[in-house]
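Student: Let the sequences and hints guide you as you build the complete structure.
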Amino acid sequence: MSRTTFDALLEAGAHFGHLKRKWNPAMAPYIFMERNGIHIIDLHKTVAKIDDAAEALKQIAKSGKRILFVATKKQAKDIVAEKAASIGMPYVIERWPGGMLTNFPTIRKAVKKMSTIDKLLSDGTYDKLSKRENLQIRRKREKLEKNLGSIADLSRLPSALFVVDVLKENIAVREANRLGIPVFGIVDTNSNPENIDFVIPANDDAAKSIELILNAVCTAISEGLEERKAEKVDMEAAGEVSEQEEKEEKAAPKKRTTRARIKKEAEPVAEEAPAKEEAPTQEETPAEEAPAEEA
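Taking this note's numbering, the leading residue of the sequence shown gets 26, the next gets one more, and so forth.
Some hints could be false.
[Unchecked claim] Label-pair restraints from in silico Cβ distances:
id, residue 1, residue 2, range
1, A263, N49, 48 to 54 Å
2, N217, G113, 45 to 51 Å
3, G113, M58, 38 to 44 Å
4, N49, K165, 52 to 58 Å
5, G264, S155, 25 to 31 Å
6, I196, E80, 41 to 47 Å
7, G264, R203, 36 to 42 Å
8, A232, I196, 21 to 27 Å
9, E119, R181, 20 to 26 Å
10, R203, T150, 36 to 42 Å
Please keep in mind that the hints were generated in silico from the structure rather than gathered at the bench.
Quick reminder that beta carbons are idealized off the backbone N, C-alpha and C, glycines included.
Tutor: Below, the structure is given as structure tokens:
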């Protein structure tokens, strides 16, 4: 079953591309036709591509890895922030910090600085400073929160990037490509799909189109996280069973080995001893008795 439908995408305006003169020839396979100088995206391919991307993202989430959402354009940032936060994934909706992926340790230092300021503010260390210095520190903290607050819990590089408008976020795409991080992207007719691992051809300017695609994707990620939780519970239950078995084995190891050893040693003796004695007596007795009767 598809995660979206042709009709839903059509209603959301996901089929509207850019003007013909602004198109990128590499998007030709995803264009259905041209109408009034505007390219129309083939929504049948969009439905299939959304399903492929959603399944791949589900598996990434199921394996416990992180997916970073990127969207700095006005009509997408609020939607991305809401959807990513609902599934506990990091996101960037302000300016992309250059080198965020390729120079990740520096970004982590800035995030740590933010937590250090919080700590010093809470324990009253900054109360000793002048009002001006205190205000400067608080403003710095607000700026860090605005740019990096949404990635505060991203302790290592993400395993995937989900990008809305790959043309606008080309720096993020290039950094991910350099590090071999797979990129999932909503790609419009004016963008280059060649550096995107999972292309979702659709209108990246309409809020309804963006929201519909993100709903499908985030639902899949949520399913992956739920499956991971269920597997974890099953593993813990299996672990408890094995621990109980270990305790039982430790409680009575000597009895089991002794019984097994006695049984093993006793069985061959019981089988072999009578066989050696009985076989010859049955053959020898009639042989001795026959001549006695004749005599």
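Student: Which hints, by number, does the structure contradict?
Tutor: 2, 4, 5, 6
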